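**Student:** Sequence:
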Amino acid sequence: MTRTRLVKAVATALALACLPAGGSVSAYAVTHADTDPPPPLHSRSELPFLENTPDQWMPPDLRVPGARPRAPLGEPFPQLAKYRDLRELEVSPPGEEGRNAPFCTGRTGPYQKELERFLKLTPVDGKQSGKDCAAIQRYQTARKIQPRTGYAGPVTWGAATLEWARTHPDTGGRCPPRRGRVACVDLTLQLMWVQQGRKVVFGPVAVRSGKPGYATRTGTFAIGRRNAAHTSTLYQAPMPYAQFFSGGQAFHGRYRTIYYEPGSHGCVNLSYRNAQRLWSTLRAGDTVVVFGRKPPARRW
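For the sequence shown, the residue numbers in mature numbering (1 follows the signal peptide of the UniProt record, and there is no 0) are -29 to -1, 1 to 271.
A few of these clues could be false.
[As the list claims (entries may be wrong)] Within a straight-line C-alpha distance of at most 30 Å, the following computed DSSO-like cross-link-like pairs (lysine-lysine) qualify:
id, residue 1, residue 2
1, 170, 115
2, 265, 170
3, 102, 91
In case anyone wonders, no lab produced these hints; they're calculated from the structure. All values derive from a computational prediction rather than experimental measurement.
Based on the sequences and whatever the hints tell you, model everything.
**Tutor:** Here's what the structure looks like:
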């Protein structure tokens, strides 16, 4: 058998093995359309590799019982060390890119109304004012968000959401306590945390889930393969501290901001340092609960 035929045969066997009992190929294709390989990416980043590249076609977990997860000595991908400690930067107001900050913008941001409500500003009308800008700018200063322009952008709103979640974890009860460690992923709020019983032992932290067409699957899963130095087989892109929980979808670190839209190709992205801490928190076999729905992307 030629190499090409062998590869096709293996791919077909894996696809059929993943079909639910009594299911059809067409029904499976519709349900799992987000597992198709993504189209070629055209990254605008300065990184030396393509971004948002999950490993959607990895085979089932074939780990040898008792095998240790693959992890390098020291931190993975040492050649990318300068990208690890990311400083989150707010987007610049439209038309004011390059202007020296701090200054107070008159532009209404995509999260204007939400920040007005969070900061208890009145009126909550979703329109920028001098008072709104000054309050948002003070919040940015307190949270060390740069540039300090008073613009209600995704990074500022992400910080506010995270602040609220730390005192209101899982208010909807979508990730109920259970025995052992549970990684909870709230797609609606774009947050995740780990709880053990009723105690939160990690997070909450901000995450970046799948964009439209490549949604992060919801449901209850378990951590399977773990590889701190995993490289995507689709694009040869680094996925530091990868912990797979649903086929090719995994928790893993990202070398750029996690607040920018539209999202990943299905994986749950964390900042590099949060992914590193999560690696030390979870183990193979731990439960993962993914719920909610990612909000539509907003323009700014």
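**Student:** For each hint, tell me whether it holds in the structure or not.
**Tutor:** Results for each hint:
no., hint, result
1, 170 / 115, "holds (29 Å)"
2, 265 / 170, "holds (26 Å)"
3, 102 / 91, "holds (12 Å)"
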